[in-house]
Structures are given as C-alpha cells and as structure tokens.
Amino acid sequence: MLSALILIPLVGAIVIGFFPDKEGKMSRNLAIFTALSVLVINIYLGWQFDTSVSGFQFSEYIPWLQWIGLNYSIGIDGLSFPLVCLNSLLTLIAIIVTDKSIARPRFYYSILLLLSCGAVGAFLAKDLLLFFLFYELEIVPLYFLIAIWGGKRRGYAAMKFLLYTAVSGILVLASFLGLVWLTGADSFAYEPLRSHTLSLTSQLLVIAPLLVGVFIKIPIFPFHTWLPDAHVEASTPISVLLAGVLLKLGTYGLLRFAVGLFLDAWVILAPWMAILAGISALYGASCAIAQKDMKKVVAYSSIAHMAYILLGVSATTRLSITASVFQMVSHGLISALLFLLVGVVYKKTGTRDVESLRGLLNPERGLPVTGGLMILGVMASSGLPGMVGFISEFLVFRGSFPIFPIPTLLCLVGTGLTAVYFLLVINKVFFGRLTQSLARLPQVKWVEHAPAFTLLFLIIAFGIQPSWVVHWSEVQAVALLTGS
Amino acid sequence: MDFSSNIASQLNAGTILPEGIVIITLMVILIGDLITGRNSARWLPYVAIAGLLIAVLDLCLLWDLPEPDGFLGSFSSDNLSIVFRGIIALSTAVTIPMSIRYVQQSGTSLAEFIGIMLTATLGGMFLSGANELVTIFISLEMLSISSYLMTGYMKRDPRSNEAALKYLLIGASSSAIFLYGISLLYGLSGGKTNLMAIAANITDVSGTQSLGLAISLVFVIAGIAFKISAVPFHQWTPDVYEGSPTPVVAFLSVGSKAAGFALAIRLLVTAFAPLTEQWHFIFTALAILSMVLGNVVALAQTSMKRMLAYSSIAQAGFVIIGLIAGTDTGYSSMIFYLLVYLFMNLGAFTCVILFSLRTGTDQISEYAGLYHKDPLLTLGLSICLLSLGGIPPLAGFFGKIYLFWAGWQAGIYGLVLLGLVTSVISIYYYIRVVKMMVVKEPSEMSDAVENYPEIRWNLPGMRPLQVGLVVSVVITSLAGILSNPLFTLANDSVTTTPILQSAVVTQQLPQETITVSTQSLESDLDTSH
Chain X
1 MLSALILIPL VGAIVIGFFP DKEGKMSRNL AIFTALSVLV INIYLGWQFD
51 TSVSGFQFSE YIPWLQWIGL NYSIGIDGLS FPLVCLNSLL TLIAIIVTDK
101 SIARPRFYYS ILLLLSCGAV GAFLAKDLLL FFLFYELEIV PLYFLIAIWG
151 GKRRGYAAMK FLLYTAVSGI LVLASFLGLV WLTGADSFAY EPLRSHTLSL
201 TSQLLVIAPL LVGVFIKIPI FPFHTWLPDA HVEASTPISV LLAGVLLKLG
251 TYGLLRFAVG LFLDAWVILA PWMAILAGIS ALYGASCAIA QKDMKKVVAY
301 SSIAHMAYIL LGVSATTRLS ITASVFQMVS HGLISALLFL LVGVVYKKTG
351 TRDVESLRGL LNPERGLPVT GGLMILGVMA SSGLPGMVGF ISEFLVFRGS
401 FPIFPIPTLL CLVGTGLTAV YFLLVINKVF FGRLTQSLAR LPQVKWVEHA
451 PAFTLLFLII AFGIQPSWVV HWSEVQAVAL LTGS
Chain V
1 MDFSSNIASQ LNAGTILPEG IVIITLMVIL IGDLITGRNS ARWLPYVAIA
51 GLLIAVLDLC LLWDLPEPDG FLGSFSSDNL SIVFRGIIAL STAVTIPMSI
101 RYVQQSGTSL AEFIGIMLTA TLGGMFLSGA NELVTIFISL EMLSISSYLM
151 TGYMKRDPRS NEAALKYLLI GASSSAIFLY GISLLYGLSG GKTNLMAIAA
201 NITDVSGTQS LGLAISLVFV IAGIAFKISA VPFHQWTPDV YEGSPTPVVA
251 FLSVGSKAAG FALAIRLLVT AFAPLTEQWH FIFTALAILS MVLGNVVALA
301 QTSMKRMLAY SSIAQAGFVI IGLIAGTDTG YSSMIFYLLV YLFMNLGAFT
351 CVILFSLRTG TDQISEYAGL YHKDPLLTLG LSICLLSLGG IPPLAGFFGK
401 IYLFWAGWQA GIYGLVLLGL VTSVISIYYY IRVVKMMVVK EPSEMSDAVE
451 NYPEIRWNLP GMRPLQVGLV VSVVITSLAG ILSNPLFTLA NDSVTTTPIL
501 QSAVVTQQLP QETITVSTQS LESDLDTSH
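Chains as they are written, first to last, in this note's numbering: chain X, 1 to 484; chain V, 1 to 529.
What the hints contain is simulated information worked out from the structure, not anything from laboratory work. Please note that a few of the clues may not be correct.
Said to hold, decoys possible - Label-pair restraints from in silico Cβ distances:
| no. | chain 1 | residue 1 | chain 2 | residue 2 | range |
| --- | --- | --- | --- | --- | --- |
| 1 | X | Ile62 | V | Arg456 | 37 to 45 Å |
| 2 | X | Ile14 | V | Ser9 | 54 to 62 Å |
| 3 | V | Asn201 | X | Leu204 | 49 to 57 Å |
| 4 | X | Val11 | V | Leu17 | 43 to 51 Å |
| 5 | X | Lys100 | V | Thr495 | 53 to 61 Å |
| 6 | V | Tyr428 | X | Val53 | 39 to 47 Å |
| 7 | V | Trp63 | X | Leu36 | 45 to 53 Å |
Source: prediction; values computed, not measured. For every residue, glycine included, the Cβ atom is placed at its ideal position computed from N, Cα and C.
Next up, chain X with everything else stripped away, as it sits in the complex (with noise of 0.2 Å):
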C-alpha cells in the first residue's frame, strides 16, 4: 500500500514522458490524475494509521542489493506522515497552478511527478542507503525545473542549486557509510542501526558531515546563499514544492537521522546549534528586510523560518520535537501560500519589484482578493494568533525557552522582525494610490484562487485545532528520544 505512493507518480512520470501529446492537455489530465490519486491514497492511509502506538507503520520489505547493504524498505511514523500529506497537497497544488500554455508539457509534468517521487521515497526510506538514493533522485529533475522554466538567470541559479545540493549529498553518504562501518553492521537498515553503541568521539565524527549535510539542504547560514538564487529563479509552482516540501528534507534529516542515531552527540552539540539557529533566524529576517523583490523577501523569510526547526529539534523535549514537525507543516503551508501569491502578483502586472508596485487593493482595478489572501498570509507568516504559523511557532518557543532562553530569544526577535519586513512589502504593494501603469490589470478568476483557498483554510483550521496536526507525531517525539 506505502509503496503506491512511491510508484504511482513514477509510473506517471512514465507514462507522461512517452505518452504522445502535442498541447499538452493529456499530459496535465494524467499528471492532475495522478496526483490526486497519490493524495486520495495518502487520506486513506491517515485513516488507518494508528497514533497511539510509536514505530513504523505499514512497513513493507523487498530484499534489494544486499551486497551493499541495501534493501527496499519502507515505512511511515508520526514523523513522517504530516511531510507525506504536505508532498502530496502540494505536488497537487503545484500542477494545478502550473500556466496551461507551458512550454514542453510532456518533459514538465514528467520531471515533477519525478520530483515528487523522490521525495515521498526520502520520507518513507527506513533504510539510510535508500533514503540516500531518493534524496539525490530528486536533485536531476529539480534542476531542469528551474534551468528550463525559471526566470532570466536560471542557468546560474540551477547550476549552484545542484551543485550545492550533490555536496549536500555526497556528505550525508559520506556520514552513513562511516557509521555503518564504524558500527561493522552489514546493512544499511534504519531501526537495528539505532541501537549502536558508538563511542562519543566516533558519533561526533559521523555526525558533523551530517549536519553539513542536511545545513546546506535546510538551509542554515551560512550555507544558504543558493535558496534565494534558487526560489527567485523557479517559476511558482517549483518555488512551492521547494519551500513546502524540498527544503523539509533537510529538517527531516536532522531529526530522523541526526537525533535518531546520534542522540548522544546531538545533545552535546545542541547548544551550538540553538545559537546558529539564532543567527539564522536573525540573519535571515534582517536580509528579508532589505530586499527589494517580493519573492527574494518570501525566500529570506524561508530561512528565518526553517530555523526555528532546527532551533526546537536542538532543544531535543518532547515537546520541542513535536513542535518542529507542526512547524515543518506550517512554514509548508505559509510559504506555499505566499509563493503563489506572490506568483499571481508577478503574472497579473508582469514585476515582483517592491518600489514600482502599488495600491493592488484596489477594489475595482486591482488585486483585491490576491491583496486580501496575501495580507492573510503574511498575518500567518508573522505568527498571529488563530493561525498555524502562530501555534507551530509558540510550540517551538515554548518548548526550547526553558532549555535554551537566549536564542529563543533572539528567534523571537527574528518572527518580529518577520512582521517588519512583510508589513513593508504589504504597505508598498498593496497599499496606496494603483500606479497609473498598472491600471488594467487582467482580472483574477475565483478558480485561480482555489489552490490558496484551499491552504488558506488549512491555515485557519490547524490554528485553531492544532492538534490535528500534532497528535500524529506526538507519540513518535517520545519515541525518538528514547531510543529504541
């Protein structure tokens, strides 16, 4: 059953790519299809899936290449669940608002059901080698999304999102292969390998490229300088699956492997990693204050925002670590929704420019459902009560405050600063007089905003239930912190 969420999109992707289709109407159709059955499965398995008890669920084992160590084996926890959900929300949100003229549909829709193959394979890997292999599979299709279908400077935006991203890899490998050895077991299994009994000094060795590794993913200063090039670069929909799903792969990395296995050593380092959190979040913030293109903001945000993750998983409670999962689905759903607002904004008047846009509230000429949806998004980006982002973030603070006060201070500085900085966009774009430039703008059909409807009400609805969302990985918190 878990396995048809790996291979049905692989399967579209197939089908897609070698399915003749001149104007790429078939190829959306299958590629919508597609997606929406991977969702249907997913709320199925939700439905089975049982919370009370830690562990995997709905495991499933194929023997692969056991010369190397590695086997298909798969399965699904609390902690992976949400991330699953959100990969297929997204993935079908993502082909949804993908412009229906788009060039070269065929290779398009294939490479993103691809890219989201690989990702849901990340999630469910329970074999490190597996996830490994998953986690790179996904780096090929993304950087023809942005080289072919991005902005001016995609060639270089591409090139240093994949370079960045195979260091990121080779590095991870690089910890996996060294803590096999260093354990002498002769598989790459994830559960009997958390049972090591490595040394401090052999875990600490293991888990530096690690971290490195799932850094540059996440990303954390200062191994982020491709985010920004990347995201301004994508076109929307790829910039939602970045932000909302590609980027949780670095975060769930660092949970799932790097607390998983080395809780040790993680504990030790853990108060490093709160203060890089801080300056993350700090840096992150004040670079979004400074820029001058809508998206670059939304992207900085991204980072100031993802470090909060790192920040409650180095606090390592319970509740800290749960936290962090509701977080990695908030920042998900924020970021989504104001990627593909942003993304409205950019088609509708052709510039993302902070300073040559103005007064798109206006009611009659310009955006005022995307100006009202945004403003919406952003009160949820910078954590007002009665939204997830407000929650997810409380949780984190409140779990990471008692253990690591000052940089939960200086992350609480950055989600004020988090108001500055889209309160300017807000009050540069949205508000004032339309500029006379832009006064025709192409109307905006309700049927465009079903996607940020969509997460719009999610948004709401997990801010006020949040326990939709954390009881699913409430138990697995524990869990992970006790080892096995």
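Dock chain V against chain X, hints included.
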C-alpha cells in the same frame, strides 16, 4: 598414460576455445572479403558480432572449469579471466555496430577495420588469461599494435595520423619499459616465466625486498598505467581520443582498459605479492592523480571526445580504488564497475558517433538545443552521461557506491572521500552537456542542430547503430536497479579464482600500514597546496 593424451591434457586446448572462435571469425571475414569484394560490408559485421557472441556463450560454458590451466600453465581460464574476456568480447560486439556507418562514410574498407578490431580483441582476451611472461608480452603487443593501426585508420585525416603516431611512439616506449620490467622479474626469479613460479621463487630467494624487484615493479606499473591511462601516464589519451575514429576510441576506453585491469590484477597479485604494500602505495598515488586531474581538466573541455577522454581517465581512477582495496569485495566491485562502465560508456560513444554522423562535429557547444530535433539521441546521451556521473537510479550510481563501499570496508578512507568529492565535480561537466541539449530554447540552437538532417534510420548501417544505442541505454537504466545477477557474476568470479583467494588471505596483515601511507600521502598533498 599414453603420450599423446598426456600432451593433450597438458595443452588443455579447450581453455582457449573462445579465442579459437574469434580467430575463425576473423579468418571468415578476411577470406569472405576477398571473395565477395565490396558487397561484403552487408553481412561481414553481423558475422563478426555473431562470432563474438558465440565466443561469449562459450565463455559461459567454460565457467568453473575443473582444470583451468592450459598450455603448460601459460594460459589460465579461471573465472576471473573468463569475466574479463567476456567484457572485452562484449565491448567489441557493441563497438562493431556503431562503426559500420562511420567507417563506410569515411570511404575506407570495413572488413579490414573489423579484422584489426578482432585482432585487438584477441590480444585483449589472451592478455586477460595470460599466466606467463612471454604470453603476457605477446598478447599485450598484439593488442597494442592493432590499436595503433586502428587509431590511424582514417588515413586521409591528418588528426588521425597525428594520433596514431603519438600513440605509437608513446606506446612503444611504454612497451619497452614494461619489457625491461618483466625481464628483471625473469632474472630475479632465477629464470622463471610462469607467474606462480616467479612468486614462489622471489619469496624463497630474496627474503628481504631487493632493489631490483622494486625497480621491476615500477617499470611494470608504468606499462600497465599506460594501458589504463592513469595519470601521469595519460598524456596520450586526450590527443589520441580526439584524433582517432570514434569507434576506436570507444574500444580503447572500454575493451583495452579492461584488458589493462585484468593484467594489473593477475600480475600484481601473483608475481608482486611480496611487494603488496609498495604497489598499493604507487596505485594510491595513481588513483589520486587520476581522479583529481581527470575530473578537473574535464571541466575545461570544449570537445566532446576530449571530455570523454578525461572522464575515462577519472573513471580509471575510481576503478583503481577497488584494486587497492585488495579484498574480495574490492575485486568484485572493480569487475562490476567495468561491466556497467562498458554499457554506459559505449552508449555515450554511440550517441556521439550518431551526432557526428548527422552533423559532422564533436564540439559540446554544437549540441545546444538537440532536444527539439532528436529526442531519442538526447535521452540516450543524457542517461549515459548521468550514469557516468553517478546519478541514481542509473547503473553508474550503483557501480560507484559499490566501489566506495568496498574501499571503505578495506579502510582506504582518504581515497574514498576523494572519490566522493571528485564525483561531485564530475557531475558538473556531465550535466553541462545535458544542459546544452535539454535546457536550450529553440532560439538558442546551434548551427549544427539548426541544420539537423531528417532522422532516417533506414540508411545502410544505421539500424545496427540504433539497436546498439537502445540496448546500451536500456541496460544502463536498468542494470543498477536489477543488478543482483551482475553482482553475483562479479562476486563468484572473484571467490572462485584461486590466485585471488590466496592473495586476499596474505593481504589481511599489511592492511594497517596501507591506511597510514595513504593518509600520510594525502596530508603531503594538502601541505603542498
């Protein structure tokens, strides 16, 4: 026992039956060409391919031969040699379909070309099983001289002539050095030529390691490194690859290299067993230089063939990791990688040939926008190049993981880490070509692609090219995911080969010192920067 049956059992001629089949094929081709003249090109290549495939089939039948030694011990048909002979024969069988159209378009005789290529294959096959110094040298020369001939086969093209002359001069001197090395070996062992006898005598007589043996080792390695084009014995590679006919390059980069590795394993593991530590040290240096230089210089190339030349140097560096590991997994990872490398590299060359047949150029920049005109070629070349770069789930990824895994288990961490780092570099230049083909818009097309001819597969010689392309690409895509049979083959060939088994046992001891020397060497490199 009867005298004649005694002789027959000593000769054990059945061990070279696959080579016999290749020889018969060769003769059929030469005579058939004489009889039928120009029309022979229609059927000759298929005879050659059939002969090679029968030879491979026969190699399968020879698997696990109870009495593998033939010709008074000078040729051994153990499972290791069978695998290598299979790789060489297969690489020729894949190379011939891609050369038909190429050679015909250049207006030279196809039969002679195939004849020379089969001779080179024979040399390589004999070299893989040769167990005695004279046989080794003769088969090495057979391989080399045919290679020189093939390199200069486009005799009207000055670059081909230049390549041939360069290859001949450097190759001849490296052969001479190699010959001097084995002559020292002959003398030091008290006049033995059989490798096992040499190994026994050297350990008996000297006890301490003599200077002569060390010199002989260095000379022999110089000869081997020339064949596998490891840095710093690589200088011929880019020029020869650029100038020679592309099918020849394909053979040189796969078949000839595999033969070199077969020779390396057999000679170093048996005759130089007392000097294991030293040859590991030298090969570590070769691997480091090859991986670094090959990958870094490939970044700057503008010609596709030159880029593939440097990439093949780098790939040789990766394979050496398995050789230095010196364990069962190490050797079998080498064989596994070579098997995978055969298909992905030959697939890439098939695409390069196809492109140059249609446009007449090898420049990387001319590939711009190919996706819009020829999706099949783009897909094939992309898959092969990404596989060479080690992107999952293609075959090259699994081959590389296995090599690194074997190296890591054997404790050569420095080399494995360097391999990991340089394979990231390699992704850059492989994906640069893929980017050229896939990412460029129709408006950014190069002139060559702009004037791309209509795709016609029904021209003479094109159909086999298409079949070869599809087969290589399919195997490259699937051999990784379904690699268990290939792995079993590689592993069995190592665990059932007596010379390797005795070597693995004796190598357990000096393992620690090798690690130390690797690391000290790396730190030397670091400080020198």
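key: Structure versus earlier hints - violations, ascending order   = none
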